[in-house]
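Asker: Using the hints provided, position chain B relative to the given structure of chain A.
The chain contents come next:
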Amino acid sequence: MTVLSLLKNRAGASWLFLVAATVLSWAVGAEHGTGSLVPVLVLAIAAIKVRLVGLDFMELRHAPVPLRAAFEVYCVGIWALLSALYLWL
Amino acid sequence: MTATAAPPHEKRVPGESGTWVFLFGDMLVFGAFFVTFLVERATAPEAFDAARTTLHVGVGVTNTLVLLTSSLLVVLALNAMRVGAAPIATRAVAAAIVCGLAFIALKVFEYISLAAAGHGPGANDFYLYYFILTGLHLFHVCLGLGALSFVLTQTRRTELSPTRTALVEGGACFWHLVDLLWIFLFALLYLVS
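Going down the list, the protein sequences come from chains A and B. Numbering that gives the first Met the number 0 puts the first residue of the first sequence at 0, with every later residue one more than the last. Numbering that gives the first Met the number 0 puts the first residue of the second sequence at 0, with every later residue one more than the last.
In short, the hints are calculated from the structure, not lab data. Please note that the accuracy of each hint is not assured.
As the list claims (entries may be wrong) - Straight line, CA to CA, 25 Å or less: simulated SDA-like cross-link-like pairs of lysine to any residue:
hint, chain 1, residue 1, chain 2, residue 2
1, B, 10, A, 69
2, A, 7, B, 86
3, A, 7, B, 106
4, A, 7, B, 65
5, B, 10, A, 11
6, B, 10, B, 81
7, B, 10, A, 72
8, B, 106, A, 15
9, B, 10, A, 67
10, A, 7, B, 97
11, B, 10, B, 161
12, B, 10, A, 6
13, A, 7, B, 64
Next up, chain A with everything else stripped away, as it sits in the complex (with noise of 0.2 Å):
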C-alpha cells in the first residue's frame, strides 16, 4: 500500500481541481472596480469548491439523499443569496 495509491481517487482528483479553481479565482478576482460582476463569478467558484470538499472530502457523495441534498441546497443558496445581496443592495 503507498500513499499514491491512498490518493488515485476521486478527492485527489478534486484536490487538483480545487487547487487550479483557487488560482483561477485569484486571477480573475483580485483586480476589479465595484458595481463588476466579477464578484458573481468568484463566489460561483467558491460554491462549486465547497460543494466538492463536502462531496469528496466529507464524503458526502455516498451519503443518504436527504444528507446530500441538504449540504448542495446550503451550497447553491448561499451563492444565489450572495450574490443577490452583492447585486441588489
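Answerer: Just chain B now, kept in the frame of chain A:
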C-alpha cells in the same frame, strides 16, 4: 476501523448523525455572518473595495492551498486507516496538523502586518468585520487541531469500535468544515468586497 469500514458505495452517514446537526448549524451561523458582511458592505462599497486591496491576497491564497492540502491529508489518513496502513495514517494526520499550524502562523503574520500599517480592527468597518470573521474562523482552526490531535491518537489502533470510528470521521469532517468556511471567507474578504 478495518473491521467497521463500510463498502465503498453503500449509502451511509459519515460520523454520527448528531455531528451533522452541529456542522450544519455552524455553516448556517457563518452564512448569517456572510450576509451581514455584504449588507454592511453595501453602505460603503468604495471604502470596502479600497480596504480589500490592502489585504495580503498572496497570503490568503497560500492559506487556502494549505487548508486544501491538509484536508486531502486527512482523507488520505482515513483511507489508510481503513486498509490498516497505520504508519501512513499517522504521518498524514501529523502533516495535516503541521498545515493547520502553518495556517495560524500566516494568519498571525497577516494580523501583525495589517495592524502595523494602521489597518487594525478600529480603522473602519471592513477591518472590523475582517478581524471578527477571520478571528472566529481561527478559533475553529484551533478546535479543528484539537479534533485532529484526537484522530492522531487513534491511527495506530488496529481496530476501532463503531463509536470510535464515528468520532474519527466526525473529527475529520469538522476539519473539512474549517476548510469549507475558509473557502467562502477567502472569496468574500479578499476577492469580492
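Asker: For each hint given before, does the structure comply? Return the numbers of the non-compliant ones in rising order.
Answerer: Hint 3 alone not satisfied by this model.
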